[in-house]
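Given the sequences, and given the hints that come with them, work out the whole structure.
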Amino acid sequence: MADVALRKVVKRYDDVEAVRGIDLDIADHEFIVLVGPSGCGKSTTLRMIAGLEDISDGDIMIDGDVVNDVPPKDRDIAMVFQNYALYPHMTVAENMSFGLRLKHYPKAEIKARVTEAARLLDITDLIDRKPKQLSGGQRQRVAMGRAIVRNPKVFLFDEPLSNLDAKLRVQMRIEIKKVHQKVRTTTVYVTHDQVEAMTLADRVVVMNKGRIEQIGTPNELYHKPATRFVAGFIGSPAMNFLPCRLEDVGGTLQIRLTDRIAFALPPARAARYNALPRTDKLLLGLRPEHLTESHAHLEPGVESFDTVLDVTEPMGMETLVYFGLDGTPVCGRVNPNAGAKDGAPMRLAMDLNNMHLLNEATGVVL
Amino acid sequence: MADVVVERGRVARATGARKGSSLRNALGRKSTVAFFLTLPLILLILLLVLYPALYSVHLATLNKAMTKFVGLSNFTFLFKRETFWMVVRQSCIFAITAVVFKALIGFIVAHFVHNIPAKGQRKWRGMLLVPWVIPPAMSTLAWLWLFDPSYSAFNYTLSFFGVGPIPWLGDTFWARFSVILVNVWYGAPFFMIMYLAALKSVPDQLYEAAEIDGANWWQKIWHITLPMMRNIIAITTLFSLIVTFANFDIVRILTSGGPLDTTHLFATWAFQVGIQSSDIPLGACVSLFMVPILAVAAIFILRDVNKRGNEA
Amino acid sequence: MSTLAIDKAGPSRKVKYGSMSRDRTWALRWSYFFLVLFAIFFLTPPVYMLITSLKSSAEISAATNPWWVFHPTLSNYVELLSSNQFLRFFWNSSIISIIVVIVTMMISIPAAFALARMKFWGSATLATGVFLTYLIPDSLLFIPLFKVLGGVQELTGITLLNRWYVLVFIYPTLTVPFCTWIMIGYFASIPKELDEAALIDGASWLQTLTRIFIPVALPGLIAATIFAFTVSWAQFLYPLVFTTSVDQLVLPVGITTTLIKGDVFNWGQIMTGALLGAAPPLVIYAFLMDYYIAGLTAGATKG
Numbered sequence: 001m002a003d004v005a006l007r008k009v010v011k012r013y014d015d016v017e018a019v020r021g022i023d024l025d026i027a028d029h030e031f032i033v034l035v036g037p038s039g040c041g042k043s044t045t046l047r048m049i050a051g052l053e054d055i056s057d058g059d060i061m062i063d064g065d066v067v068n069d070v071p072p073k074d075r076d077i078a079m080v081f082q083n084y085a086l087y088p089h090m091t092v093a094e095n096m097s098f099g100l101r102l103k104h105y106p107k108a109e110i111k112a113r114v115t116e117a118a119r120l121l122d123i124t125d126l127i128d129r130k131p132k133q134l135s136g137g138q139r140q141r142v143a144m145g146r147a148i149v150r151n152p153k154v155f156l157f158d159e160p161l162s163n164l165d166a167k168l169r170v171q172m173r174i175e176i177k178k179v180h181q182k183v184r185t186t187t188v189y190v191t192h193d194q195v196e197a198m199t200l201a202d203r204v205v206v207m208n209k210g211r212i213e214q215i216g217t218p219n220e221l222y223h224k225p226a227t228r229f230v231a232g233f234i235g236s237p238a239m240n241f242l243p244c245r246l247e248d249v250g251g252t253l254q255i256r257l258t259d260r261i262a263f264a265l266p267p268a269r270a271a272r273y274n275a276l277p278r279t280d281k282l283l284l285g286l287r288p289e290h291l292t293e294s295h296a297h298l299e300p301g302v303e304s305f306d307t308v309l310d311v312t313e314p315m316g317m318e319t320l321v322y323f324g325l326d327g328t329p330v331c332g333r334v335n336p337n338a339g340a341k342d343g344a345p346m347r348l349a350m351d352l353n354n355m356h357l358l359n360e361a362t363g364v365v366l
Numbered sequence: 367m368a369d370v371v372v373e374r375g376r377v378a379r380a381t382g383a384r385k386g387s388s389l390r391n392a393l394g395r396k397s398t399v400a401f402f403l404t405l406p407l408i409l410l411i412l413l414l415v416l417y418p419a420l421y422s423v424h425l426a427t428l429n430k431a432m433t434k435f436v437g438l439s440n441f442t443f444l445f446k447r448e449t450f451w452m453v454v455r456q457s458c459i460f461a462i463t464a465v466v467f468k469a470l471i472g473f474i475v476a477h478f479v480h481n482i483p484a485k486g487q488r489k490w491r492g493m494l495l496v497p498w499v500i501p502p503a504m505s506t507l508a509w510l511w512l513f514d515p516s517y518s519a520f521n522y523t524l525s526f527f528g529v530g531p532i533p534w535l536g537d538t539f540w541a542r543f544s545v546i547l548v549n550v551w552y553g554a555p556f557f558m559i560m561y562l563a564a565l566k567s568v569p570d571q572l573y574e575a576a577e578i579d580g581a582n583w584w585q586k587i588w589h590i591t592l593p594m595m596r597n598i599i600a601i602t603t604l605f606s607l608i609v610t611f612a613n614f615d616i617v618r619i620l621t622s623g624g625p626l627d628t629t630h631l632f633a634t635w636a637f638q639v640g641i642q643s644s645d646i647p648l649g650a651c652v653s654l655f656m657v658p659i660l661a662v663a664a665i666f667i668l669r670d671v672n673k674r675g676n677e678a
Numbered sequence: 679m680s681t682l683a684i685d686k687a688g689p690s691r692k693v694k695y696g697s698m699s700r701d702r703t704w705a706l707r708w709s710y711f712f713l714v715l716f717a718i719f720f721l722t723p724p725v726y727m728l729i730t731s732l733k734s735s736a737e738i739s740a741a742t743n744p745w746w747v748f749h750p751t752l753s754n755y756v757e758l759l760s761s762n763q764f765l766r767f768f769w770n771s772s773i774i775s776i777i778v779v780i781v782t783m784m785i786s787i788p789a790a791f792a793l794a795r796m797k798f799w800g801s802a803t804l805a806t807g808v809f810l811t812y813l814i815p816d817s818l819l820f821i822p823l824f825k826v827l828g829g830v831q832e833l834t835g836i837t838l839l840n841r842w843y844v845l846v847f848i849y850p851t852l853t854v855p856f857c858t859w860i861m862i863g864y865f866a867s868i869p870k871e872l873d874e875a876a877l878i879d880g881a882s883w884l885q886t887l888t889r890i891f892i893p894v895a896l897p898g899l900i901a902a903t904i905f906a907f908t909v910s911w912a913q914f915l916y917p918l919v920f921t922t923s924v925d926q927l928v929l930p931v932g933i934t935t936t937l938i939k940g941d942v943f944n945w946g947q948i949m950t951g952a953l954l955g956a957a958p959p960l961v962i963y964a965f966l967m968d969y970y971i972a973g974l975t976a977g978a979t980k981g
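Protein chains in written order, with my numbering: chain A, 1 to 366; chain B, 367 to 678; chain C, 679 to 981.
Wrong hints could be hidden among the right ones.
Claimed, not checked - The following residues of chain C were derived to be distant from chain B, with all beta-carbon distances above 12 Å: (1) T722; (2) S760; (3) I773; (4) E871; (5) R889; (6) P897; (7) V924.
Said to hold, decoys possible - As a list, the in silico BS3-like pairs of lysine-lysine whose alpha-carbon atoms are at most 27 Å apart: (8) K107/A <-> K73/A; (9) K8/A <-> K209/A; (10) K825/C <-> K73/A; (11) K73/A <-> K396/B; (12) K870/C <-> K132/A; (13) K132/A <-> K485/B; (14) K825/C <-> K396/B; (15) K167/A <-> K132/A; (16) K434/B <-> K797/C; (17) K73/A <-> K153/A; (18) K73/A <-> K8/A; (19) K870/C <-> K797/C; (20) K396/B <-> K797/C; (21) K209/A <-> K224/A; (22) K132/A <-> K566/B; (23) K797/C <-> K73/A; (24) K446/B <-> K430/B; (25) K167/A <-> K178/A; (26) K446/B <-> K434/B; (27) K281/A <-> K224/A; (28) K870/C <-> K130/A; (29) K167/A <-> K177/A; (30) K825/C <-> K430/B; (31) K870/C <-> K209/A; (32) K103/A <-> K182/A; (33) K167/A <-> K111/A; (34) K132/A <-> K177/A; (35) K103/A <-> K396/B; (36) K103/A <-> K825/C; (37) K153/A <-> K870/C.
Just so you know, these hints were derived from the structure itself, not from any lab. Every residue, glycine too, gets a C-beta built ideally from N, C-alpha and C.
Right, here's the structure in full:
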């Protein structure tokens, strides 16, 4: 087991910077997920940790040693690939033991390790099969088994679940989490799926355009996003962003959304935003679950308004409602019994206690 | 487990000392390894292909005894010989006619094979490719026997229809016909197999969509099959053009160029002039005349191959 | 037909369906009819070889129905297979082809691996060069090669011309470019992650080649081997030019030059020899048809 550290790591391809100076400290035993849209540099970062890509600038340290120039095989890492990369001509056991056999481990130890890993992953029955006789989920387990038998310092996962169907993905997600709880190996996991990131990670690293947007626990990222990118990327359906500005009306701070709609801010929020210039163009960030049907007794800080719904999507335990505010599309989540209908008027409530205020120009959450 | 830990420590320490230089070493190692892996290939191409090719240009400028440089006089000598122009004409007629018929027959046969139930396709395909598998020198002997002036099995059969006897190899027209026939027989299966592979790669939905749009079988071939196979057709045809143009075995065994040199191709005439009559410079000169047409075909093939690479 | 379809939608659909299956049946019948015609055209020479090989000289010169054997005999086979000269041809062809296959693989596989996976200075040019070399026909090179070999022979004192082993050096010029080219295609189709996994597992480049690439690309390897063998076996021009003594000849040249003596054509023996000469490629083809065809089409569909 070991910790991993990245210091101002840069990757340049010719004149394109894929990774633009990343600092990251991964503690021993930690499960870190790198998440972001495609092309954000997350896979490149992982491959640099693996040693499959050269580092253009900066340092990568594993267990305190700079490994910039150490070839992958000497870094003591194991990697699980998106397409599993199982050797098609070898059986499951041979696949798992290939690395150990190359290092000339004693036969008995190889057998013991393979048996143990197979037991852990519940693939003991498949040990003599070839990869093409296995299902996607089974291949995924073998790929993990190949990583586990090596007993490496660090596990690296490169979008390991994206070739599986939705149901299997959920199942394997739980499986990966279980395995990590048992072996406790430091893990770096790359995905573009924010749900996977949230469910697996001790800490999530959100990347965008070659930079780290925010590092934090899943809850921190959800409730305290630092930037508009993180706020919009984490959570589904995505957070609404409504253009707004602040105004003082009779000593209270108001947030104006449209010509017709303006609400007084709750005291805590008013105190926090009071120093902002009133001329700034701002965005109100509000998650769909904080836009619900209105009822008679609203708590303080929850404000109601009337609108006409465009489309509704019944999801079973909730109904998603879509409408426009001054041309901005907005999504809300209401009780399925609240009577939301396509094209019908509805009174909705906005929970300003859970609002976020963002600077439209910089994207920073204020 | 314990020994692994020790090993890790060692690796880590070694790492510190190596920093900075080992990546360059690794890169250096990689291209050095690559160099040694390709070295035999490079040597083979340089010594046994490129050097002889350039050497033949040098040879073509020597006199018959190869003792003195005579410039282009071998070429001008050839230009004045009627046989040379006959060889040029016959090579072109031979190559173009044979390739056209190979392509046509190959396409038609591939279509028929593709048409029948998939179960039987393997058997037919296996049977129809046999001419390509037999070494041409061997199969041409069988043709020679089929064309035999006194025992020709063809003439025996045709005599029942009151035709013939046909002087298959004795008359200029029939000899030219015969060498082309044998070449088509030998090469058409190759086209068939290439087209069949291409036909299989056309998605069935395209034909179903065309059928719904009301296309008849000819329109389906013209608007779907041919455009989808264009690249394979082009590469196969150009490749066959090179091989046919440079053909040696069939003409050599069937006619040796006769009657009266009328079926000679560049290759067989170069062999006769250069090896049999021991005028190596003139022979080299003759074979060099193949270069322009080969080069043109090669350029087009390379373009198509690269284009396909980019599409993929 | 089409007017019907417009006028009465209901019944016309039925009619159309019926006629379509009738069209289909006829198309099938025509397909089989033409396939049989073409099969006759394609198979006549080899079948005729077989027929003639079973006839005695007396029966051939009697000029009876050439398509039928009235007194089948194996005497031609017995005679050829007990002739030291013919066995010598067979032996020469076999040993040359086997050595050429080995040499070809030893050159092609490492080169294809380097060209498919290790981007190095000039690798793209070299790959193109390999393909162009494949397009250079034997008939362009036999005259200069003849002179070059003569020159080497004078320079080193090693006899090369008129020795069977000279062909072992020359044939790879025909086999290596194509084999390298299709192996590049096969290697390139192996996912990049597989060598990265091997790299992380601790394999060196050479181990990646021998333990991952070669086993995974085995079908391609078999196709390339078949190609190299059949090309070596069938080659006619080079041995005709470079070897003349009877004990140095390979099958194709041996049969055409020694069995045809002046104007006396012993067709029974010639056809037997030709059939025996065609047998090894035909046997390989019969057993490994899929690999054979994969190799044929790989040149244009891979790489």
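Okay, the hints, checked on the actual structure:
no., hint, result
1, T722, "violated (7 Å)"
2, S760, "holds (21 Å)"
3, I773, "holds (17 Å)"
4, E871, "holds (18 Å)"
5, R889, "holds (16 Å)"
6, P897, "holds (15 Å)"
7, V924, "holds (17 Å)"
8, K107/A <-> K73/A, "holds (20 Å)"
9, K8/A <-> K209/A, "holds (15 Å)"
10, K825/C <-> K73/A, "violated (52 Å)"
11, K73/A <-> K396/B, "holds (15 Å)"
12, K870/C <-> K132/A, "holds (18 Å)"
13, K132/A <-> K485/B, "holds (25 Å)"
14, K825/C <-> K396/B, "violated (39 Å)"
15, K167/A <-> K132/A, "holds (21 Å)"
16, K434/B <-> K797/C, "violated (46 Å)"
17, K73/A <-> K153/A, "holds (12 Å)"
18, K73/A <-> K8/A, "holds (24 Å)"
19, K870/C <-> K797/C, "holds (13 Å)"
20, K396/B <-> K797/C, "holds (9 Å)"
21, K209/A <-> K224/A, "holds (21 Å)"
22, K132/A <-> K566/B, "holds (24 Å)"
23, K797/C <-> K73/A, "holds (21 Å)"
24, K446/B <-> K430/B, "holds (17 Å)"
25, K167/A <-> K178/A, "holds (17 Å)"
26, K446/B <-> K434/B, "holds (21 Å)"
27, K281/A <-> K224/A, "holds (21 Å)"
28, K870/C <-> K130/A, "holds (20 Å)"
29, K167/A <-> K177/A, "holds (16 Å)"
30, K825/C <-> K430/B, "holds (13 Å)"
31, K870/C <-> K209/A, "holds (25 Å)"
32, K103/A <-> K182/A, "holds (25 Å)"
33, K167/A <-> K111/A, "violated (33 Å)"
34, K132/A <-> K177/A, "holds (26 Å)"
35, K103/A <-> K396/B, "holds (21 Å)"
36, K103/A <-> K825/C, "violated (53 Å)"
37, K153/A <-> K870/C, "holds (24 Å)"
Hint check: violations occur at hints 1, 10, 14, 16, 33 and 36; the rest are consistent with the structure.
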